[in-house]
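Protein chains: 4
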Amino acid sequence: MPATGVLLLSCPDQRGVVAAVADFIASHNGNIVHAEQHTDEIEKVFFQRVEFEVDGFDLNRDEILGAFAPVAKRFDMRADLRYTDVKPRVAIMASKQSHCLFDLLTRWRSGELPADIVAVHADLVQHMGVPYVHLPVTADTKTAQERQVLETLAQYRVDLVVLARYMQILSPTLVDAYPSRIINIHHSFLPAFIGANPYRQAHDRGVKIIGATAHYVTEELDEGPILDQEVTRVTHRDSVADLTRKGRDLETIVLARAVRAHLEHRVLVYGRKTVVFG
Amino acid sequence: MPATGVLLLSCPDQRGVVAAVADFIASHNGNIVHAEQHTDEIEKVFFQRVEFEVDGFDLNRDEILGAFAPVAKRFDMRADLRYTDVKPRVAIMASKQSHCLFDLLTRWRSGELPADIVAVHADLVQHMGVPYVHLPVTADTKTAQERQVLETLAQYRVDLVVLARYMQILSPTLVDAYPSRIINIHHSFLPAFIGANPYRQAHDRGVKIIGATAHYVTEELDEGPILDQEVTRVTHRDSVADLTRKGRDLETIVLARAVRAHLEHRVLVYGRKTVVFG
Amino acid sequence: MPATGVLLLSCPDQRGVVAAVADFIASHNGNIVHAEQHTDEIEKVFFQRVEFEVDGFDLNRDEILGAFAPVAKRFDMRADLRYTDVKPRVAIMASKQSHCLFDLLTRWRSGELPADIVAVHADLVQHMGVPYVHLPVTADTKTAQERQVLETLAQYRVDLVVLARYMQILSPTLVDAYPSRIINIHHSFLPAFIGANPYRQAHDRGVKIIGATAHYVTEELDEGPILDQEVTRVTHRDSVADLTRKGRDLETIVLARAVRAHLEHRVLVYGRKTVVFG
Amino acid sequence: MPATGVLLLSCPDQRGVVAAVADFIASHNGNIVHAEQHTDEIEKVFFQRVEFEVDGFDLNRDEILGAFAPVAKRFDMRADLRYTDVKPRVAIMASKQSHCLFDLLTRWRSGELPADIVAVHADLVQHMGVPYVHLPVTADTKTAQERQVLETLAQYRVDLVVLARYMQILSPTLVDAYPSRIINIHHSFLPAFIGANPYRQAHDRGVKIIGATAHYVTEELDEGPILDQEVTRVTHRDSVADLTRKGRDLETIVLARAVRAHLEHRVLVYGRKTVVFG
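Chains A, B, C and D are the protein sequences, given in the same order.
Under the working numbering, the first residue of the first sequence carries the number 89, and numbering increases by one thereafter.
Under the working numbering, the first residue of the second sequence carries the number 89, and numbering increases by one thereafter.
Under the working numbering, the first residue of the third sequence carries the number 89, and numbering increases by one thereafter.
Under the working numbering, the first residue of the fourth sequence carries the number 89, and numbering increases by one thereafter.
Be a bit skeptical, because a hint or two may be false.
Remember, identical chains collapse to one label, so a pair may be satisfied in a single copy or spanning two.
Said to hold, decoys possible - With a straight-line Cα cutoff of 25 Å, these simulated SDA-like cross-link-like pairs (lysine to any residue) come out:
1. 132 <-> 357
2. 184 <-> 157
3. 334 <-> 279
4. 161 <-> 227
5. 132 <-> 354
6. 184 <-> 325
7. 161 <-> 175
8. 184 <-> 141
9. 132 <-> 332
10. 132 <-> 285
11. 132 <-> 207
12. 132 <-> 171
13. 175 <-> 259
14. 230 <-> 174
15. 334 <-> 187
16. 230 <-> 297
17. 230 <-> 204
18. 175 <-> 332
19. 334 <-> 220
20. 161 <-> 194
21. 161 <-> 177
22. 184 <-> 357
23. 132 <-> 94
24. 184 <-> 145
25. 184 <-> 169
26. 132 <-> 297
Just so you know, these hints were derived from the structure itself, not from any lab.
Because the structure is a prediction, the values reported are computed rather than measured.
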């Protein structure tokens with residue numbers, strides 16, 4: 089696949105935005121290979137993802153956003169520009185539960201995830217050749233350990249942090265340093281069963297369907313914008329252990345889908361919601 | 089299909105229950121056409137549903153539970169006996185939203201629901217020939233109206249009350265009069281979005297899946313034992329109206345499934361949970 | 089919702105199409121409220137659905153396609169233009185099985201389907217006030233009956249024919265008269281179980297999932313472009329009657345979704361495939 | 089979990105089977121911890137799975153089937169007896185595609201599969217410590233290679249062969265040696281898209297849902313009894329590569345579920361169908 093640029097745009101909803109953006113691309117000899125848009129009719133916000141060929145574009149990559157600035161200004165637009173041949177740098181943080189970590193590494197090895205996985209933090213050494221950092225944490229060392237984590241993320245110039253069943257609540261400092269750039273997998277169908285032991289909570293409540301939720305991390309626990317969810321049917325016969333086992337498959341699949349959507353620059357965040365283009 | 093008896097049993101888990109029940113049936117020249125069991129390993133409770141042919145059984149219907157009493161006593165067992173040719177008498181209570189009511193009546197007319205629907209309460213007269221009772225309710229008349237409802241249910245000797253989007257919270261008096269015999273459809277994936285306007289709540293939270301839940305009504309709002317749940321995928325493009333429309337299909341299907349399970353004597357309730365045999 | 093125009097476009101994939109279309113709209117003071125596109129990378133065909141506000145557009149409705157002709161010519165484009173306030177005229181043909189007919193009429197009454205249902209053909213008179221035509225058919229009268237059907241469709245100026253479990257194979261004459269304008273519901277997950285008695289076929293094969301498929305009718309039986317499919321899980325315990333009952337829910341839902349997609353001008357057909365925009 | 093015995097029974101449907109089996113267990117001081125049954129009403133065949141505690145049973149393991157023989161004879165019953173603490177010996181055969189192999193090994197390592205995986209055949213050495221046999225095959229060497237395969241399976245005393253995307257059609261000799269003991273994963277929703285390149289076939293047909301099917305291998309290609317199936321939704325936007333990627337997740341999950349059902353002695357085969365107890 090030839091490299092493409094991806095413009096992620098959001099602005100107050102108004103006339104002429106689509107034409108103005110298409111004109112900008114066309115006027116620089118660009119070619120739009122894919123475009124999607126969405127308007128939030130309640131918030132009156134317009135969102136667009138425009139993917140265009142880099143090849144033949146008559147501006148250099150570092151000139152494009154500057155040239156686009158007048159359009160962005162005219163529509164009071166927030167504009168991000170990414171390139172599909174520049175792979176985001178990803179760190180994965182896991183804990184004793186390694187199924188999500190393992191699954192992501194396997195997909196990455198098979199070419200399914202357009203990323204560079206640059207660091208892995210886990211209790212178990214299942215890093216498959218990726219630089220491996222173990223920063224053990226206890227109640228006493230949490231503050232110091234978070235500082236180490238921040239330093240490590242900075243050192244590796246990480247673009248995206250994936251909490252693959254990390255089982256630690258991050259401090260506001262860490263969360264604020266990576267806004268909409270930390271993805272967590274919660275093992276319930278949020279907002280049901282917030283907090284600890286969601287499978288036990290689900291068992292106690294006697295639900296007939298369980299779920300898993302991938303979301304961006306914000307300061308409020310399990311309240312961040314949802315990227316993706318998946319569910320499966322259970323019955324009275326399923327014990328907590330059965331729910332946990334069935335849930336592992338949900339967790340791995342939904343986390344992988346969410347990470348992939350982020351890495352393909354298909355996600356826009358606003359408030360506590362996401363637009364995930366198809 | 090020839091008539092069958094259905095024994096619904098529950099007791100503390102212990103050795104020999106299955107054989108004792110099978111022996112009882114066999115010793116009276118009965119034939120088990122279907123049996124299912126479940127043990128809750130945490131609560132240590134045993135549940136069984138035993139369906140046997142009435143034809144050829146060497147006791148009259150009204151003698152069977154008496155003859156079974158020693159077995160029930162020995163195992164400290166709760167035993168219910170129903171017959172598949174004795175149709176439960178059902179009342180459906182709806183409100184302005186009539187899709188669930190309409191769907192249940194259509195399924196009933198087509199022979200899908202083994203019941204006699206004996207009364208319908210709704211704001212709209214879509215009763216399809218079923219005795220129709222309109223008992224309007226306002227904040228001021230709620231107590232009096234509930235008394236009328238209770239009288240009507242008694243008058244029609246109702247076995248099961250189905251709240252097909254009734255939109256009123258029942259008083260403890262009414263709930264207590266029909267324990268595990270009032271089924272409600274809640275238009276969310278419980279326990280997410282308890283209370284009013286769940287589709288708006290779901291839209292505000294930005295979930296990627298919505299659901300509907302059929303449950304027995306207890307005194308705690310939306311906390312009763314869950315019979316069945318169903319979900320469907322939504323995206324950022326779905327407005328509250330879209331969620332409502334998509335949700336209607338979930339509500340009709342999950343309520344019909346739950347009512348059918350109840351009418352086929354496949355449900356056992358314990359605590360706030362259900363065993364729904366297949 | 090204010091009226092909008094919907095341009096449905098397809099052409100050989102090439103540079104500049106998106107900008108040319110956006111320019112055309114903008115140059116006539118139009119405003120694009122939604123646009124979606126797709127490129128079939130194998131067939132090298134570009135598809136687009138552009139929805140724009142009618143209000144404020146500086147051409148009359150009957151002038152727009154003419155003014156767009158140079159753009160269409162330049163890109164060798166097929167262009168259709170529809171308006172969301174012009175409701176397609178729909179005829180529904182059913183047979184003894186009436187659940188899909190009934191469901192469509194109910195949704196239509198509730199405002200869910202943007203159409204005028206102008207005629208219903210069914211063995212059972214469940215027409216809910218819609219003009220009702222019963223044209224009985226036997227092996228001997230099939231040719232004559234089809235001529236009557238064609239005349240009736242012409243008389244009612246029908247835009248879309250929905251076969252809601254019609255159970256008759258249409259002749260090529262009828263099919264050719266309504267290309268991509270006859271939607272059929274087949275009660276299997278096509279291409280599995282083509283032809284008669286698909287639920288029996290599914291039962292004999294012992295599948296663990298059954299489905300239903302809505303497709304446009306072409307001259308080849310059950311081979312037309314698929315609009316939508318839905319499935320549900322079954323087990324060894326489900327008889328053919330159970331599959332039929334469970335399947336009815338699939339059929340009604342998937343047919344309603346497909347009809348709705350067509351009526352909202354979200355479908356483009358090419359070869360034996362469809363693009364169904366979201 | 090204490091060890092249990094599992095009786096898998098099938099016989100012509102007739103009165104008294106359930107009681108006779110329960111009596112047999114009870115008369116030897118056994119305790120039934122779980123029992124499920126099914127009657128095929130068309131074929132008039134009765135199936136039962138009875139799980140009972142080994143501890144306390146008053147016969148040795150190798151005496152039980154002999155003691156049960158009169159019951160089996162009386163009802164013309166086929167009876168198998170297995171023990172949950174005797175792990176089946178499994179060989180996995182894969183090819184260049186290793187996602188299913190890898191997934192099964194991971195689940196096995198995590199304790200999810202009650203089996204001894206004794207041999208792995210694959211083009212890639214991803215055997216995670218399991219004895220590894222690479223028996224390369226070409227068109228010319230197929231017969232000789234199959235002989236080697238048979239010898240290897242015999243040498244390792246294999247109970248179950250799992251074809252985890254093996255991509256070779258087995259000869260009748262091999263198939264006949266392991267009746268209902270070879271599980272294959274086919275990457276389509278059978279019986280749709282039998283044979284080669286099912287994802288390409290699915291793409292060409294324009295289906296809106298794809299699937300995967302786990303089945304026992306018989307001499308007829310892709311016609312063996314189905315153990316489990318799973319599906320996922322696709323759109324016009326999914327290329328063959330996308331279908332392949334999405335399908336991989338289906339394949340791994342459905343194969344793992346099917347293998348687990350077999351290993352837990354929950355499957356009975358009759359004709360080309362399966363009973364899979366829950």
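Against the structure, the hints:
no.: 1; hint: 132 <-> 357; in the structure: within (15 Å within a copy, 33 Å between copies)
no.: 2; hint: 184 <-> 157; in the structure: neither (47 Å within a copy, 49 Å between copies)
no.: 3; hint: 334 <-> 279; in the structure: both (19 Å within a copy, 20 Å between copies)
no.: 4; hint: 161 <-> 227; in the structure: neither (48 Å within a copy, 53 Å between copies)
no.: 5; hint: 132 <-> 354; in the structure: both (20 Å within a copy, 23 Å between copies)
no.: 6; hint: 184 <-> 325; in the structure: neither (27 Å within a copy, 38 Å between copies)
no.: 7; hint: 161 <-> 175; in the structure: neither (28 Å within a copy, 40 Å between copies)
no.: 8; hint: 184 <-> 141; in the structure: neither (43 Å within a copy, 34 Å between copies)
no.: 9; hint: 132 <-> 332; in the structure: between (41 Å within a copy, 21 Å between copies)
no.: 10; hint: 132 <-> 285; in the structure: between (38 Å within a copy, 22 Å between copies)
no.: 11; hint: 132 <-> 207; in the structure: neither (40 Å within a copy, 40 Å between copies)
no.: 12; hint: 132 <-> 171; in the structure: between (28 Å within a copy, 24 Å between copies)
no.: 13; hint: 175 <-> 259; in the structure: neither (27 Å within a copy, 46 Å between copies)
no.: 14; hint: 230 <-> 174; in the structure: neither (34 Å within a copy, 45 Å between copies)
no.: 15; hint: 334 <-> 187; in the structure: both (12 Å within a copy, 18 Å between copies)
no.: 16; hint: 230 <-> 297; in the structure: neither (35 Å within a copy, 35 Å between copies)
no.: 17; hint: 230 <-> 204; in the structure: neither (28 Å within a copy, 41 Å between copies)
no.: 18; hint: 175 <-> 332; in the structure: between (33 Å within a copy, 23 Å between copies)
no.: 19; hint: 334 <-> 220; in the structure: neither (29 Å within a copy, 29 Å between copies)
no.: 20; hint: 161 <-> 194; in the structure: neither (43 Å within a copy, 49 Å between copies)
no.: 21; hint: 161 <-> 177; in the structure: neither (30 Å within a copy, 46 Å between copies)
no.: 22; hint: 184 <-> 357; in the structure: neither (30 Å within a copy, 37 Å between copies)
no.: 23; hint: 132 <-> 94; in the structure: both (23 Å within a copy, 21 Å between copies)
no.: 24; hint: 184 <-> 145; in the structure: neither (48 Å within a copy, 40 Å between copies)
no.: 25; hint: 184 <-> 169; in the structure: neither (37 Å within a copy, 38 Å between copies)
no.: 26; hint: 132 <-> 297; in the structure: between (35 Å within a copy, 23 Å between copies)
Checked against the numbered hints given earlier, this structure breaks hints 2, 4, 6, 7, 8, 11, 13, 14, 16, 17, 19, 20, 21, 22, 24 and 25; the rest are met.
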